Structures are given as structure tokens and as C-alpha cells.
Amino acid sequence: MDTKQMYSNSTEILQAIRERKPIVHQITNYVTVKDCANVVLAMGGSPIMADAEQELEDIVRLSNALVINIGTLNDRTRSSMFLAISIAQDRGIPIILDPVGAGASSYRTNTVQSMISHVVPTVIRGNLSEIRSVAQLSSHTFGVDSAGCDGTEQIEQTKGIAWNLSRKLGCVVAVTGKFDIVTDGTFMAIIENGHPALTQITGTGCMSTAMVGTCCAVTDDYFSAAVTALLGMGIAGELASVHAGLGSFHTALFDHLSRLDGALLMQKGAFHVS
Amino acid sequence: MDTKQMYSNSTEILQAIRERKPIVHQITNYVTVKDCANVVLAMGGSPIMADAEQELEDIVRLSNALVINIGTLNDRTRSSMFLAISIAQDRGIPIILDPVGAGASSYRTNTVQSMISHVVPTVIRGNLSEIRSVAQLSSHTFGVDSAGCDGTEQIEQTKGIAWNLSRKLGCVVAVTGKFDIVTDGTFMAIIENGHPALTQITGTGCMSTAMVGTCCAVTDDYFSAAVTALLGMGIAGELASVHAGLGSFHTALFDHLSRLDGALLMQKGAFHVS
Amino acid sequence: MDTKQMYSNSTEILQAIRERKPIVHQITNYVTVKDCANVVLAMGGSPIMADAEQELEDIVRLSNALVINIGTLNDRTRSSMFLAISIAQDRGIPIILDPVGAGASSYRTNTVQSMISHVVPTVIRGNLSEIRSVAQLSSHTFGVDSAGCDGTEQIEQTKGIAWNLSRKLGCVVAVTGKFDIVTDGTFMAIIENGHPALTQITGTGCMSTAMVGTCCAVTDDYFSAAVTALLGMGIAGELASVHAGLGSFHTALFDHLSRLDGALLMQKGAFHVS
Numbered sequence: 001m002d003t004k005q006m007y008s009n010s011t012e013i014l015q016a017i018r019e020r021k022p023i024v025h026q027i028t029n030y031v032t033v034k035d036c037a038n039v040v041l042a043m044g045g046s047p048i049m050a051d052a053e054q055e056l057e058d059i060v061r062l063s064n065a066l067v068i069n070i071g072t073l074n075d076r077t078r079s080s081m082f083l084a085i086s087i088a089q090d091r092g093i094p095i096i097l098d099p100v101g102a103g104a105s106s107y108r109t110n111t112v113q114s115m116i117s118h119v120v121p122t123v124i125r126g127n128l129s130e131i132r133s134v135a136q137l138s139s140h141t142f143g144v145d146s147a148g149c150d151g152t153e154q155i156e157q158t159k160g161i162a163w164n165l166s167r168k169l170g171c172v173v174a175v176t177g178k179f180d181i182v183t184d185g186t187f188m189a190i191i192e193n194g195h196p197a198l199t200q201i202t203g204t205g206c207m208s209t210a211m212v213g214t215c216c217a218v219t220d221d222y223f224s225a226a227v228t229a230l231l232g233m234g235i236a237g238e239l240a241s242v243h244a245g246l247g248s249f250h251t252a253l254f255d256h257l258s259r260l261d262g263a264l265l266m267q268k269g270a271f272h273v274s
Numbered sequence: 001m002d003t004k005q006m007y008s009n010s011t012e013i014l015q016a017i018r019e020r021k022p023i024v025h026q027i028t029n030y031v032t033v034k035d036c037a038n039v040v041l042a043m044g045g046s047p048i049m050a051d052a053e054q055e056l057e058d059i060v061r062l063s064n065a066l067v068i069n070i071g072t073l074n075d076r077t078r079s080s081m082f083l084a085i086s087i088a089q090d091r092g093i094p095i096i097l098d099p100v101g102a103g104a105s106s107y108r109t110n111t112v113q114s115m116i117s118h119v120v121p122t123v124i125r126g127n128l129s130e131i132r133s134v135a136q137l138s139s140h141t142f143g144v145d146s147a148g149c150d151g152t153e154q155i156e157q158t159k160g161i162a163w164n165l166s167r168k169l170g171c172v173v174a175v176t177g178k179f180d181i182v183t184d185g186t187f188m189a190i191i192e193n194g195h196p197a198l199t200q201i202t203g204t205g206c207m208s209t210a211m212v213g214t215c216c217a218v219t220d221d222y223f224s225a226a227v228t229a230l231l232g233m234g235i236a237g238e239l240a241s242v243h244a245g246l247g248s249f250h251t252a253l254f255d256h257l258s259r260l261d262g263a264l265l266m267q268k269g270a271f272h273v274s
Numbered sequence: 001m002d003t004k005q006m007y008s009n010s011t012e013i014l015q016a017i018r019e020r021k022p023i024v025h026q027i028t029n030y031v032t033v034k035d036c037a038n039v040v041l042a043m044g045g046s047p048i049m050a051d052a053e054q055e056l057e058d059i060v061r062l063s064n065a066l067v068i069n070i071g072t073l074n075d076r077t078r079s080s081m082f083l084a085i086s087i088a089q090d091r092g093i094p095i096i097l098d099p100v101g102a103g104a105s106s107y108r109t110n111t112v113q114s115m116i117s118h119v120v121p122t123v124i125r126g127n128l129s130e131i132r133s134v135a136q137l138s139s140h141t142f143g144v145d146s147a148g149c150d151g152t153e154q155i156e157q158t159k160g161i162a163w164n165l166s167r168k169l170g171c172v173v174a175v176t177g178k179f180d181i182v183t184d185g186t187f188m189a190i191i192e193n194g195h196p197a198l199t200q201i202t203g204t205g206c207m208s209t210a211m212v213g214t215c216c217a218v219t220d221d222y223f224s225a226a227v228t229a230l231l232g233m234g235i236a237g238e239l240a241s242v243h244a245g246l247g248s249f250h251t252a253l254f255d256h257l258s259r260l261d262g263a264l265l266m267q268k269g270a271f272h273v274s
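Residue numbers (this note's numbering), protein chains in the order written: chain C, 1 to 274; chain W, 1 to 274; chain U, 1 to 274.
No lab work stands behind these hints, which were simulated from the structure alone.
Misleading hints may appear alongside valid ones.
[What the hints assert, rightly or not] Have a look at the derived ranges for each label pair, beta carbon to beta carbon:
| no. | chain 1 | residue 1 | chain 2 | residue 2 | range |
| --- | --- | --- | --- | --- | --- |
| 1 | C | Val120 | W | Met266 | 53 to 61 Å |
| 2 | C | Ser106 | U | Arg20 | 22 to 30 Å |
| 3 | C | Arg259 | U | Asp90 | 45 to 53 Å |
Please read these numbers as outputs of a predicted model, since none were measured by experiment.
We put the CB at the ideal spot given by N, CA and C, even for glycine.
The following block holds chain C by itself, in its conformation from the complex (with noise of 0.2 Å):
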């Protein structure tokens, strides 16, 4: 895998979206969920926020994608959760994990454990102080916004997390932070994109997670799939960032992320990958 294949890969996976509209089904928090529903139609896909027990198996069904988010989690949501993920592994379609703020609570990072105990997901997308929490690393938590790899000193150690975490679960594991790192245990993607005004507003994480899973639904290929997620946030959120403030700011991320489409992710696409 080289750049220039990964583009290759992200231009079919983003026009694949358009074409096909995947529905995306996802079981998130009250925070950041119309971002998260936004996000998807913007790529060109179908969201359904549901969680009632009683509808899964239909909603499923239905769907191409499962995005799990555990940002406001409770026991009702809890449960659905476990059953959706089981529902969506039986008919084979991707299951993408958001742990947020696991480690914050052992609530969170007990759940966390059990889900990927039950069913290994397709995709894993966390900040670092959250992957550390899946990988059963010790973390310091500073807020479910923060704490991510942003540092180049940090850069080794994460991709070592990602590699072990992605290699013992067999999944694509991705960290968010001033550099993204996504790998599948084969592959490594270093991201450079991105700006510091995604960690000042709320969603940008949950909505990462959100576009990761919307480009699985259309392809096998969820390093790429991951990878052009990701890459697509980070060049959104340079391209919104000539913008004064956070509300400027978040209305031009949007602008940008109903925009994007192969070309720009070559013309704007900082990383490597090896």
C-alpha cells in the first residue's frame, strides 16, 4: 500500500457513497447525534439513529453499517448496544466502536471490555487516553475531549498501542490526535491533517467515528475505509479554519466535509503510509 493507492482507494470509497447511499445505523449519544446524523448525508449516506430493543433487528436489517458510540451511555442503551452489535455480526456488516470516554469511568471501560469480549468489532476509533483504555493500559483522563497523540515524541508509542490493540483484537484500530494513526496490523497510516479548532467544539470525534463508518458500508476495505474517514475530517477542519470563531467554524466544517470527494483529499492529503 503507497499514497498514491490510498487515494485511489478513498476516490472510489467517496464516490461509492454518493452513488449507493448506504444506511448507516447508529446507536449514539444525545450530545453530538444530529452532527452525527449530519455528517453521513453530508458524505452522500442514509443515517438511523435507533436504539429501542424492540426495533433492532429490523433496523439492522436494513442496514449497512453499525456505529456503536458510548458517549452518553445508560443501561437501556446499554443493552441495545449488546444486541445490536450481536444482530450485526450474524448478517456480516461492519461494526464501528466508539469508546468515548472509556477510562473516565470504569462503567465506560467495563463496557468497553464486554462489548469487545462479545464480538470484535470491525473498526475501533478512540482518542489515545481511550485506546489506551481498551488496550488495558493505564491513562490519564483529562475530559472526553481531550488527550490525544500530539506530540511526535508520542508518535512511536502509539503506533505501537494501535499495532498490538489492532493485532490481539484483529481489527483496524484508529487514534485520533494531532496525528491520526490508523492500522489494521498490516498496514500503518500516519494522518497529518487536521487543526487544533476540531478539539474546540464538541462531535468532531463521534462524527470521525460516524464518517469511518459510513465509508465501511461501502467497501471490504476498512483500512481504507478508516483512512479516508479520517483524512477527510482532517482536511474538512484545515479548510474551515480560516474562520474567526467556533461557530464559523463549525458551519464551514460542515460546508467542507459536503464537499469532499477524492481530488481534494489528493490536493490536501498530508500522511504516509507503510
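Based on the hints, put chains W and U in the right spot on chain C.
Just chains W and U now, kept in the frame of chain C:
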């Protein structure tokens, strides 16, 4: 009823909302709830979101309309919806039903059937696949944001479905899509206003329903109320569509929704009524 | 306390938030929750939204302030709120209460009365009808977004109600409206900043409370914290109000909220304190 009469009715309805500031109670989903509250405020009304059974008696008593939206239905909110519609019926306030995703799961389909067997809503607003489900006609659902009346070839069929459902239940039926169809079983309006971008952000359907509720809160001419609301959303969508991306579109949509009045509807409206 | 001293306090508080990035835990409603998270981030803090009883011990331990907002109360979140305030009191972190809709239903009214009999909040922030309800004075509620201190004739009455409630409970009371009143039973501030558009979008009250919580997280001068927060919201609202519609207003409001500092408050502030 002709277009001139409708513009007169719309002008009065939009004015009455700004003067009387009706309270619009909504039991809705957690995806689009903020937009559903903001659109009521933008029109000059006062939204209340409350879904705990313990307070429904008090809240419905304060309110001038009740909007029920099953977008993220669960058993707790389902019970609350049934209680609220009973109280609203007893008190004689209009009940507006948005059967989001009816047809996508039997849980939603059955809930809607049960609701309309308990209480006749004042207005039902949905896309074509949802209205087909309410009418117990087979359909095919592509996510909750898709499937409308989107071609001239479908208009006659949609008119028939809406008309029959309206006559059967004795309520106003509004089907939104590329063309919006509104009927009360006597009059029939076809609205051509709108823009494809309205289908590319989440919540415009839910917001349309909230607007119907706001209009119904100040009149007992529910047909004119529904037409006014859908005209308003369609025109605001057209005016907002000059913007290049979906973030700016959302912002501009609310700018225009907050400036709706009879003069604008008369200037931009494209519909016929018979 | 004079205005000069207050500006000095505000400057320190706003700086301390950007330096220390306090964690602000909120149990709030699903209508305005994203804005409540974003305003904490805009000021430089770190929001955590968590409402499952199973994790409150862990989350409150991480946090520097707890914000309770009863906007869409139900029995599950009600229990969580009671548990969270007990833990927060034990740990000595400030508790900020937003009694949204108190007076609109006996469920809300009684919940608030029960809360303040269990634990003395650090700050209570509400509109006039909500504060009247907390003080067990009769009022008339017009929706949850209305009823403030909106005329000079009401200022003296509002000051009296706030003062008495503050003295009775031993906490800071903040009443927002056309004029904002803040008192700790010793000092009294009257803030003239603000703009009517703040009442035309949902969430500005909830966001004000979240801002109070963010300020309280870095100081034990809770009176200055509350004044700083309300000054900040009022000034941001004025600066945002040049825009023509409510969509642009919301965007501009967050632009200005993300740029608040002591210099801006000194330049634009209109208040007196005694």
C-alpha cells in the same frame, strides 16, 4: 379555496403566531430536537419539550398544540406519547403526528397504527414511505430521510394515497417530497417550493412537522395551517440554497425561517389548491 | 465590590479557565445539550456529559464543577441528579442548578424543592418565573423560554426575590432577563448587557448556566463567577446581533463566546454592582 384565499389565511396564521406566542409541546426525538425547538421560536411561538409521564397533565394543560414525533422511539417515550395524546384529545388541542421511520421497523409501524386507533390526529405529516405505512400500503424504506413524492409520475398516486387516508381517518394528511401534497379530504394543495438540500440535512422533516404544530396552535383551519407550514419550509429552503455547503445552508435556513411572513409567501409561493 | 474589582475578577476567571481547562460535568436536557458542551469548550473548559448512576462516582471525582439542568427531566435522570449532587457536595465541588421550567409542572417544581432541601447549590440560575417557583412564590409560566425580568418596574421586585432566596438558602442566585440580577446575599449586580435575539433561540439560558459552572470551576468567588458568565453571554449576544437572522445569530454567538476575555468585558460591559 383558491391561492389568494390561502395566502390570506397564511398571512393571518403567521401573524397570529407572532402575536399570541402559542406554546407548542413536543415529544420528539433526540436527533433533531434542538432544531424542532428553534423553528417554533423562529416563527414566534414558544416550545416546550417534556416527555416524563409525571408532568404531561401539567404541560399539556399549558399548551396550544401537541407534536408527536417517533424518530427515536423507546418504551418510556412511547408510553408518554400515548398519555399525552389522550390528554390533548380531552382538552381539544390539535395533535400533530410525525410517523418518522414508519415502515422501517414493525415497532414503529405498530406504534403508529395503535396511536391512530386510539386518537385521530389533527394532522399527519410524513414522507411518502411513512404515509404509505400509516395507510397500511406496502413500501420500501431507504433510511428515515428518504423516499418522498419525487416525480410528476408519482403525484397522482400520492394524491390518491393522501386523500384516501385523510378520508378514512378524518384528518389532514401532508406528504412531503419534491412536491408536497396536503389534503383534508375536501381540499387538495400541491406545493412546488423546496430544494434538494432540504433532504441533505437531518431534521427538515421534523421541523416541518413542528411548524405545522405551531400553525395549528393559532387556528382551527388545519388545512391552511399545514399548507402554510410547508410553504414556509419550502420557500426558506429555496432562499437558503444559494449557499455552497450544508453548514451554511443550515444557518441560512434558520435565517429565512425567522423572517417568514405572508408577504414573502405571496412573493415566492408556488402551489395550487383545489 | 465595585465594577473595577469585578472586571479584575472576571479577567482572572476567564484566564484561569483557559489555563486550567477545568472539567465541567453536566446532567442536562437533550434539547440544548450540544450547545451546553460547546460553550464550555468555547471558554476553554472541558465538558463531560454523563448521567448513568453507575458512573457518577467516577465522573464527579474527575470534575471541577457539576451543572444540573432539569430541562427534560425524567425519573432516570432525576435519580442521577440526586446522586450526583450528593457526591459533589461530599467532594466539595460547586453545584450549579438550572431549574428549567420550574413552575410549569408540579413534577419540576417538586423536584427542585426536593433538591434544594437535600443540598444547597452553589448557584441557582433561572428566569424570573423559575426563580419565583424556587422561592415558592406564585407565578405564571409562558413556556420554558419566556418570563424574565424585562422592565425597569420589575427590577426592584426581582432584586428582592433574588436577595431573599439567596439569604434563605445561602447561595448565589442569578435571574436572567432583559436585565440580569446576581446576588449572593451581600453583593448585588445588575447587568444590562444582552439582546432580545437571545430569547429567540433555544439554549441561551442553559448555556448561561453552563458558563456559570465553568467559571465556578476555577474560583471560590461564586458571585464573581456568576457575574462573569452572564456578562459574557450578554456581550456575546450583543456582538452577534448585527446578523439578520436567527441562524446567523447562533453562529455568531458562538464566534463571540469563543473570544471572551477580560478586555472585551471591560470594553463592552454595562453593569453596576453594590
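Hint check:
Taken as a hint, the range 53 to 61 Å holds for the pair Val120 of chain C and Met266 of chain W, whose Cβ atoms sit roughly 60 Å apart. Separation of Ser106 of chain C from Arg20 of chain U is about 25 Å and conforms to the stated range, judged on CB atoms against 22 to 30 Å. For Arg259 of chain C and Asp90 of chain U, the hinted distance range of 45 to 53 Å is satisfied, since their beta carbons lie about 51 Å from each other.
Violated hints are absent here; each numbered hint is respected by the structure.
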